[in-house]
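Enquirer: Below are the chains, spelled out letter by letter.
There are 2 protein chains.
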Amino acid sequence: MGRLTGGDPSLLRRINSAVVLHALRGADAHTFTDLTRITGLSRPTVEGVVEGLMEGGLVVESAPEEGEARRQGRPARRFRFRAEAGHLLGIEIGPHRVAALLSGLDGRIIGAGSREVSETAPADERLDRVRTVVADVLRRAGVARSNLRAVGVGTPGIVEADGTVRLGTALPGWTGLALGDRLRRSFRCPVIVENDANAAAVAEHWKGAATDSDDIVFVLAGLSPGAGSLIGGRLHRGFGGAAGEIGALHLLGRGVTPEHLLSTTDEPLHPLDEQAVTEVFALARKGDARAQAAVERFIQRLVHDVGALVLAIDPELVVIGGWAAGLDGVLPPLREELARFCLRPPRVVLSLLGEAAVATGALRLALDHVEEQLFAVDGTVTARR
Amino acid sequence: MGRLTGGDPSLLRRINSAVVLHALRGADAHTFTDLTRITGLSRPTVEGVVEGLMEGGLVVESAPEEGEARRQGRPARRFRFRAEAGHLLGIEIGPHRVAALLSGLDGRIIGAGSREVSETAPADERLDRVRTVVADVLRRAGVARSNLRAVGVGTPGIVEADGTVRLGTALPGWTGLALGDRLRRSFRCPVIVENDANAAAVAEHWKGAATDSDDIVFVLAGLSPGAGSLIGGRLHRGFGGAAGEIGALHLLGRGVTPEHLLSTTDEPLHPLDEQAVTEVFALARKGDARAQAAVERFIQRLVHDVGALVLAIDPELVVIGGWAAGLDGVLPPLREELARFCLRPPRVVLSLLGEAAVATGALRLALDHVEEQLFAVDGTVTARR
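Residue numbers (this note's numbering), protein chains in the order written: chain A, 1 to 385; chain B, 1 to 385.
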């Protein structure tokens, strides 16, 4: 705290730069006069800071507006944030597909691509597929790899801070994989790896079903469900990055394994066999009693899993995503049971981003990383929307 | 952010006061020289600030140390924080007892008292009992009621920010009770009301089994368990104050009610009948098969509840408190099951504070409130411990 009163001039310069950059990104500030008014800084300070940002390539002078040029006198100089000064990738590496989204520094998506991959593919093959998708997306958008400022990745499993997959049973060869290091060979910029449900939670909060709440639980529903939560707008990863990994909940004091949940025979379903699962749901809709019982079991399990998350965390909003979200009849029983048993039931909605949620969240995490560098000053000032 | 550069002199004065007060409370700073060194402030600033704190009654000049007085020249002036400048109460209002702890501004306990109360007592009677206990504690410690700076209260139920009990089924007449308002009639200082398990979590972190961790779940085990959690050292109350209220978890997709869990007959146990519960546990130890089965059910339920909290939140440490914590055989099966089913099992320990946990946490919350006023400056600077 003592430092706050010390008056470090370089710290002040950085704070002022962050303030001005933030105002320029915010849209309606384009002239020195605008910036002076919005930031509360003096005109000479604003001019000096803008000069520095232009040298750094983050700000550019733009043409005066039509109307203004025609007015009397010299038009005011106008500036804009250069979103194209850097690019970001959000990548999903899932059991069945890899996908990538590309954006500029403003987070607006300017490229996308995906490829299917077998759930049995070894890690090397899966990473090859990632490289192919990324190369394709960059080529089509005409963006040089060297222009990437950060890459975010969402993938199943418990992910360490350095991007190593501590435990990831959903993908072959995933547990123990130094995924961050492997990807850093392909990219010269920072690579942030995050659990897929966590990434999806961030995505729904950014531009999905949860933009109006800072306290959410996102459930990636499936045969082995995972969840991600935001508390006060911040991702809650848990002490060891395992928060929301509720796959084993039903095993605590119960007998049913997930593979048997939706099975209509004595044979378990493969946990990733979405095709078989979809067939069971279709059969149930047609009135097949055995399939209906299986669907009932599946929904009970989902209710129980979501209920546990809600009772433990007490979010304002629950967002249901993942493949189960596309299946009929999941929301009504969920809402009904939560209303019955939760002391303060949350709202329950379906994901708006659907399949794009994980890659979108990964992109947002990459953007967060870059914005921290652009806007944060020793953790004391963080300018986010 | 612009304000940071504006140089508000009164803001600076407040920051400096907080810094100096914090250093004085910290123990080893007693002289102007100490304070100048530790805070990084100039000697004249430190002198001015100490002067102001003495006027405010928070700091007092103390006698020079023995050795120093004998040295050559005038001994350096010494100062100390006046913990006795104000007092705090931590109160537990539970189903069977009310209890109160009294401390000075340093949080050191200087008085304690408790009384039994019937679980069927109406709200007015319970509050009367609270007033009796408080009057008794204050009188014995010789502390005037007017010297109280804040009162913390821990009680079962979901508690609103203003101290109203939104839902509290454990105590008669508790749901809807404006508990904060009722108690503010007895005290002229701020009254902070908190859920009992939340208060206990704060207590174990302050001076119990969780002083070495900032990411904990405290489980108030019993027939209707509740939990409180700290995330990054901060109490996680949930969006509606209901986080950790996992009493209904077993009902989501299950059939057993808590009252039947430990029953050895077809008659349910009263959820608060600790005596009957203790007898069941005693019978089980003597080899009674039916009691053993009941205890087994109870432990399975606890494992499941704690498992849900752990999977959702991923704490570093789980602290088991409440009456069940005193019963044999709870920890080993808990640890074993969590190790089997959690991707990253937490440490599991018993409460160190036992019966005192809720009142201790309530006291800490009162202390937090006062420290925020003493040390915080518009939420930008918070100096704790």
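By construction, these hints were calculated from the structure, which means they are not laboratory data.
Quick reminder that beta carbons are idealized off the backbone N, C-alpha and C, glycines included.
Mixed in with the good hints there might be a few duds.
Cβ pair distances, simulated, as ranges [said to hold, decoys possible]:
(1) B:336 - A:118: 54 to 62 Å
(2) A:214 - B:57: 36 to 44 Å
(3) A:169 - B:233: 28 to 36 Å
Enquirer: Can the suggested window of 36 to 44 Å be confirmed for the beta-carbon pair residue 214 of chain A and residue 57 of chain B?
Expert: holds, 40 Å
Enquirer: Per the hint of 28 to 36 Å, is the separation of the Cβ atoms of residue 169 of chain A and residue 233 of chain B within bounds?
Expert: holds, 32 Å
Enquirer: Within 54 to 62 Å or not, the Cβ separation of residue 336 of chain B and residue 118 of chain A?
Expert: violated, 37 Å
Hint 1 from the list above is the single one not met by this structure.
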